[in-house]
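Trainee: We have chain F; now place chain X onto it with these hints.
Listed here are the chains, written in short residue letters.
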Amino acid sequence: MIFKEKLSIYLQIAERISDEILAGAYSPGSRVPSVREYAVMIEVNLNTVMRSYDTLQSWGILEMKRGLGYFVADNAVQTILARRREAFISTQASEFFETARTLGVTPDELADMYKTFIRQK
Amino acid sequence: MIEIKNLSLGFVKSNGIHSTRVNLEAVKPVLENLSLTIEPGHVYGLIGRNGAGKTSLMNCITGILTFKRKHQPIYLDGVKLNVNNPNDHAKLFYVTDTISSIHILADAFANTLACFYPNFSVESYKEYMEMFSMDRNVFLDELSLGEKKIVFLSYAFASGAPYIIMDEPTNGLDITSRKVFRKLIASYMTPDRAIVISTHHINEISSLLDHILILDKRHLVFDHSVMETGSVLSFIESDDEDLRQQALYSMTSAYGNRMILPNTSDTDSEIDYELLFEAVLENGKAINELFENK
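Protein sequence lines, in the order shown, are assigned to chains F and X.
First residue of the first sequence? That's 1 in our numbering, and the numbers climb one at a time after it.
First residue of the second sequence? That's 122 in our numbering, and the numbers climb one at a time after it.
If you're looking for bench data, these hints aren't it; they were derived computationally from the structure.
Treat the hints with caution; some may be incorrect.
[What the hints assert, rightly or not] Chain F is nowhere near these chain X residues, computed Cβ spacing over 10 Å in every case: (1) PHE188; (2) HIS224; (3) ALA235; (4) ASN292; (5) SER298; (6) LEU411.
[To be verified] Now the stretches of chain X that chain F is said to cover, found in silico as 3 or more residues with beta-carbon under 8 Å: (7) 161 to 174; (8) 307 to 319; (9) 324 to 334; (10) 350 to 361.
Each residue gets a CB set at the ideal place from its N, CA and C atoms; glycine is no exception.
Bound conformation, chain F alone (with noise of 0.2 Å):
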């Protein structure tokens, strides 16, 4: 079955801003560019551009200071990475399983075409 949907614009750019934090482009500690700047760098509505930073901010990956800005949490980066694990496991994952059930792919040949995989990176 095929099934796409896209995520709407302000979960989009939380995710980007997320990618940008795991890059280095921001790391932890430091300022982000203010909500209109990032808006006009990106083209982007105002208001579409403050719910991602509040939205990043209740998942503990960015923090506002009172009149300074929004900074990127201490544990961003863990953060982040827990919270894609955990999409990675409630909804990639198992789409990966059901088309590798409905295609016949055993357990036993998914585990060894992941050792192979691991040991080849």
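Mentor: Showing chain X alone in chain F's frame:
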């Protein structure tokens, strides 16, 4: 805030002169009993088919089409709009689709506008013209449509007006200028300003909007924020036949069907504007009911 209260409008058939609708026989109705509120701090996207009444609506909001004071259905910050009042005029900047212009230098016209818009910044106007790579030493009546649009968009963003109304602002603009336009929209927004953009090219500005207005056959058939729309409706693409049966609206696509379903999850999906538009025109009642029940 701009409030439109029960606006009805019709054109006299014989000579095209507009008038408020008095007698249905005598006029071609353009807008019927339309109410709408434009709140500061938001960017509104106005979409509708040709002839739906978009330009007429914007002409009313900006006072191009005038009403007798008694019948004026447009309220600007709580008071009936009167564009002959300089204070009201200074709050509205209208970028029309077709711009007729006189033989005057772009810079000279900027200075003229500065007399009418107390917060007009000639410096900003120059900066925006530069961003568009537009020569300022030009006469307005000697420009192409796209160039005129660029000059008037630069005026609009330099005006400091709390309400900017734009009719097809990207018509005639090249790819680079469209990008500059999007940056200027994003940077113009403050909590005390609103922008209304009418467009047929919704996808190129959709990320700049936070409110969607759909006009169809003289009526406002959709008036919801982007946030609300995302929480009420799900936009997905799938080849699943069961899902298609449940969909409020579907359209065949390369992967099966693009469809709209009630959003039952916590995660909002990206709005497919083209699909939403078609769905509202065909099945607006069912869609609006979902918003009421949310």
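Trainee: Does each hint fit the structure? Answer for all of them.
Mentor: Results of checking the hints against the structure:
Every C-beta of chain F lies more than 10 Å from that of X:PHE188, the closest at about 32 Å, which supports listing it as non-interface. Every CB of chain F lies more than 10 Å from the CB of X:HIS224, the least distance being 35 Å, so the non-interface label holds. Look at X:ALA235: its CB is around 25 Å from the nearest CB on chain F, clear of 10 Å, so calling it non-interface holds up. Taking the minimum C-beta to C-beta distance to chain F, about 19 Å, the non-interface status of X:ASN292 holds against the 10 Å cut.
At roughly 13 Å, the least C-beta separation between X:SER298 and chain F is larger than 10 Å, which holds for a residue marked as non-interface. Consistency note on X:LEU411: stated as away from chain F, and its beta-carbon is indeed over 10 Å from all of that chain's, at 17 Å minimum. Taking a C-beta to C-beta cut-off of 8 Å, the region 161 to 174 of chain X contributes 3 residues in contact with chain F, enough for the three needed, and the coverage statement holds. Beta-carbon proximity to chain F at under 8 Å applies to 3 residues in the region 307 to 319 of chain X; the threshold of 3 is reached and the given coverage holds.
For a cut-off of 8 Å, the count of residues in the region 324 to 334 of chain X with a CB near a CB of chain F stands at 4, and the three-residue condition holds. Counting residues of the region 350 to 361 of chain X whose beta carbon lies closer than 8 Å to any beta carbon of chain F gives 8, which meets the minimum of three for the stated coverage.
Checked against the numbered hints above, the structure breaks none of them.
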